[in-house]
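**Student:** Residue-level listing of the chains:
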Amino acid sequence: MKVVVCIKQVPDTKGGVKFNPDGTLDRGAMLTIMNPDDKAGLEAALRLKDQYGAEVTVVTMGLPKAEEVLREAMAMGADKGILVTDRVLGGADTWATSQTLAGAIRNLEYDLIITGRQAIDGDTAQVGPQISEHLGIPVISYAQNIKIDGDSVIVERQYDDRYHVLKAKMPCLITALAELNEPRYMTPGGIFDAYNAEITVWGRANLVDVEDSNLGLKGSPTQIAKASDKVRKGAGEKVTLDPAESVDYIIDKLKVKHVI
Amino acid sequence: MNIQDYKGVFVFAQQVDNELSGIALELVGKGKDLAKDLGTEVTAVLVGSGVGALADTLGEYGADKVIVVDDPELKEYRTEPYAHALSSVINEFKPEIFLVGATAIGRDLGPRVSARIHTGLTADCTQLDIGDFPINPVPGKEQLHNQLLMTRPAFGGNTIATIACPEFRPQMATVRPGVMQKAPKEAGRKAEVINYNPGFTPNDKYVEILEVVKAVSDVADIMDAKILVSGGRGVGSPENFKILEDLAEVLGGTVSCSRAVVDAGWKPKDLQVGQTGKTVRPNVYFAIGISGAIQHVAGMEEADIIIAINKDETAPIFEVADYGIVGDLNKIVPALTEKLKVELAEK
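As given, the protein sequences belong to chains A and B, one line each in that order. Here the working numbering is used: the first residue of the first sequence is 156, the next is one more, and so on. Here the working numbering is used: the first residue of the second sequence is 29, the next is one more, and so on.
The hints are simulated quantities; they were obtained by calculation from the structure and are not laboratory data. Treat the hints with care, as some may be off.
PhoX-like, lysine-lysine: derived pairs with alpha carbons at most 20 angstroms apart [as the list claims (entries may be wrong)]:
hint : chain 1 : residue 1 : chain 2 : residue 2
1    : A       : Lys410    : B       : Lys254
2    : B       : Lys369    : A       : Lys410
3    : B       : Lys242    : A       : Lys408
4    : A       : Lys408    : B       : Lys367
5    : B       : Lys103    : B       : Lys60
6    : B       : Lys367    : A       : Lys410
7    : A       : Lys220    : A       : Lys157
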């Protein structure tokens with residue numbers, strides 16, 4: 156069984172986010188991490204490796220620096236890493252990104268493709284379903300639990316007030332939620348091996364069945380009209396009082412605002 | 029693609045178990061505003077099995093037309109037949125705008141449809157306007173009018189971006205639930221109903237539903253609550269949420285929570301506020317023992333009044349709170365509940 160996992164290197168927006176005095180984001184000290192939903196997808200793939208001996212290939216699209224997340228994935232147990240990087244791929248929206256990744260994946264054999272539901276920088280949740288559409292395979296989004304059943308996969312698919320137990324014939328694409336599992340840590344031996352492992356690097360020429368007109372900024376149907384750091388409303392009052400005074404303070408505010 | 033051929037604002041009228049989702053009417057309301065700006069009509073696209081009666085409701089809330097795609101294959105939501113339904117409607121009726129709710133259904137369906145018909149899709153929009161692109165004239169570049177300008181948060185709510193889709197149609201967006209307003213109901217207002225069935229032939233892309241497991245819960249929808257008493261990891265234990273429930277009860281409010289609480293298994297996901305939970309805008313939001321990670325703030329900063337109680341005076345929640353109290357929630361919250369009981373009894 157062969158599993159392809161798409162992962163993305165993202166700025167760490169969790170915790171550690173600091174604002175400038177004018178309310179804009181201070182990007183200076185932002186670290187990069189493997190996108191959490193993608194890491195859960197990788198963990199799900201590694202469990203299929205543990206259980207069924209699946210071969211796990213990780214694919215990322217990004218700047219050359221994105222090689223770091225491939226090495227991290229290999230230190231966790233992935234077998235192969237493929238970096239798709241090329242200047243002409245830059246500035247891609249989700250259409251062009253999904254075209255690029257589909258073009259890369261067409262080189263590979265796969266029974267299952269796993270992507271994270273969404274990346275914490277863009278939060279679109281679009282690339283996984285779009286890849287599946289380009290490849291003409293079924294998609295199951297928001298996966299909570301993944302089991303293999305012969306030539307099919309059985310997945311719990313989460314909705315707001317319910318879940319569906321779905322059965323899809325492989326090949327199939329699944330988008331994983333960070334809640335799916337607790338990703339394993341890299342092992343010291345794994346880190347050593349991953350540091351020395353060969354990463355496959357692909358550029359535009361390696362993409363199969365993709366027109367130039369569907370790649371990069373020029374191939375992106377959506378265009379940014381305006382972007383700005385969000386200016387938040389300022390902080391209000393902050394008080395430190397003993398509990399009884401705190402209670403009086405809150406009740407006073409609720410009265411002033413006609414809540415009670 | 030001849031862009032001039034594409035006319036009208038279409039919205040996906042999501043239904044589950046043959047009940048319209050809240051987002052369906054919100055999109056009809058927003059679609060009506062956009063259609064007015066463009067001098068065109070708003071059409072709701074209703075997809076399901078035995079759902080035709082819902083067209084009346086869509087008409088009363090402002091839909092000019094309702095396209096009904098009704099087929100037994102569409103009884104429960106599945107990506108492939110629903111994507112086939114919407115892309116067939118788009119190819120047949122050629123709308124200039126197509127809006128879908130950014131729900132667990134819409135965020136799966138939207139990308140699949142946009143990829144099939146080759147257009148752009150902007151995710152999770154919180155504002156939609158008709159305007160020019162580029163927004164300000166740029167020498168040497170034609171400024172296009174009557175474009176859909178789609179505004180959305182990114183970077184975990186740290187930035188906002190406005191996106192256009194000038195060269196492809198329809199301009200597609202998923203829209204965050206709870207942000208747009210539905211129009212007032214006009215009893216008896218009728219929409220023109222068009223039945224359309226493109227034919228559904230199951231193939232390998234049709235997944236099989238083995239089981240539908242509905243969450244057994246009678247929890248109130250936190251998106252409708254006027255007062256939310258929201259707890260974070262600082263509450264300390266699932267049992268200790270009792271003090272929040274008591275406060276919510278005396279105020280006629282509802283308990284909600286942060287992602288950390290859901291991840292710890294203390295509360296179900298449908299009570300989660302934030303980027304990966306729900307967007308709420310109650311009159312009063314109590315943030316109790318919530319540090320205020322940016323992802324949480326993105327889901328509650330539109331509340332009219334934010335009251336934060338946290339023992340850590342450096343907690344980022346104080347940067348958005350109208351009233352911040354640095355102190356021990358275990359002492360303040362029960363005392364607040366008791367005093368409120370007395371105050372309200374006097375009234």
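**Student:** If a hint holds in the structure, say so; if it does not, say that too.
**Tutor:** We went through each hint and held it up to the structure:
Between A:Lys410 and B:Lys254 the alpha-carbon distance is near 16 angstroms, which keeps this suggested pair within the 20 angstroms criterion. A threshold of 20 angstroms between alpha carbons decides the hint, and for B:Lys369 with A:Lys410 the separation of about 14 angstroms falls inside it, so the pair holds. About 41 angstroms separates the Cα atoms of B:Lys242 and A:Lys408, which puts this hinted pair outside 20 angstroms; it is violated. Between A:Lys408 and B:Lys367 the alpha-carbon distance is near 14 angstroms, which keeps this suggested pair within the 20 angstroms criterion.
With a C-alpha separation of about 28 angstroms, the suggested pair B:Lys103 and B:Lys60 falls outside the 20 angstroms cut-off, and the hint is violated. For the suggested pair B:Lys367 and A:Lys410, the alpha carbons sit about 13 angstroms apart, so the restraint of at most 20 angstroms is met. In summary, the hint linking A:Lys220 to A:Lys157 is not supported, as the alpha carbons are separated by about 26 angstroms, beyond the 20 angstroms threshold.
In this structure, the earlier hints numbered 3, 5, 7 are contradicted, and the remaining ones agree with it.
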